[in-house]
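Visitor: Note that our numbering has the sequence shown beginning at 1474, numbered continuously upward.
It cannot be assumed that every hint is accurate.
Claimed, not checked - Here are the computed lysine-lysine pairs in the DSSO-like style, where the Cα-Cα straight-line distance is at most 30 Å:
no., residue 1, residue 2
1, Lys1593, Lys1550
2, Lys1616, Lys1593
3, Lys1541, Lys1520
None of these hints come from the bench; they were simulated from the model.
Since the structure is predicted, the reported quantities are computational estimates derived from the model, not experimental observations.
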Amino acid sequence: FIFVPGSPRHIDGASALAESKNEYYRGLLRKKPATVEDVVRACARYKGYDANSDIRAELTFLYNQGIKFRPDIEAMKDSPLTKGNAVHILLGAMGYRGGFMYRLFPSSQRFALREAIFMKMLPDNSTVDEIMSGGELLTLLAKVVEETDKQKKGAEGEK
């Protein structure tokens, strides 16, 4: 059991974890602008990371799951998150297959953004250098997760 200060009740580990995740997402929803650290943290949380917020530990967790980031990502953690960077990180981290140009240029933020626009994950007028808010990041995360889940179900159906 975990004691919550100021609360007359105890909360078991699962409840405390749920409250912690909810608080994290509430804070991200209000954040303007989102940062590179936020997109790494969102990926890690989605993939099952449930320890304290620590970008190095989150990157290690994601790396151990086969998700790789550019070498300087930790140094960029406080940089405002652009739509190009967010889409590039999320599509790669979630294992999104994408179209021909996206697969041909997997390190291109521009083609990742074009793919996201084509798949209706982002508005048509989105640009690579446009700064994202936390709310926009959460919306994008939900759409990427939905699309990659569809791809996985389609692949399972083909077997």
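Visitor: Could you run down the list of hints and mark each one as holding or not?
Guide: We went through each hint and held it up to the structure:
1. Between Lys1593 and Lys1550 the alpha-carbon distance is near 27 Å, which keeps this suggested pair within the 30 Å criterion.
2. Simply put, Lys1616 and Lys1593 have alpha-carbon atoms about 8 Å apart, close enough for the 30 Å limit, and the pair holds.
3. Among the hinted pairs, Lys1541 with Lys1520 is consistent with the structure: their alpha-carbon atoms are about 13 Å apart, no more than 30 Å.
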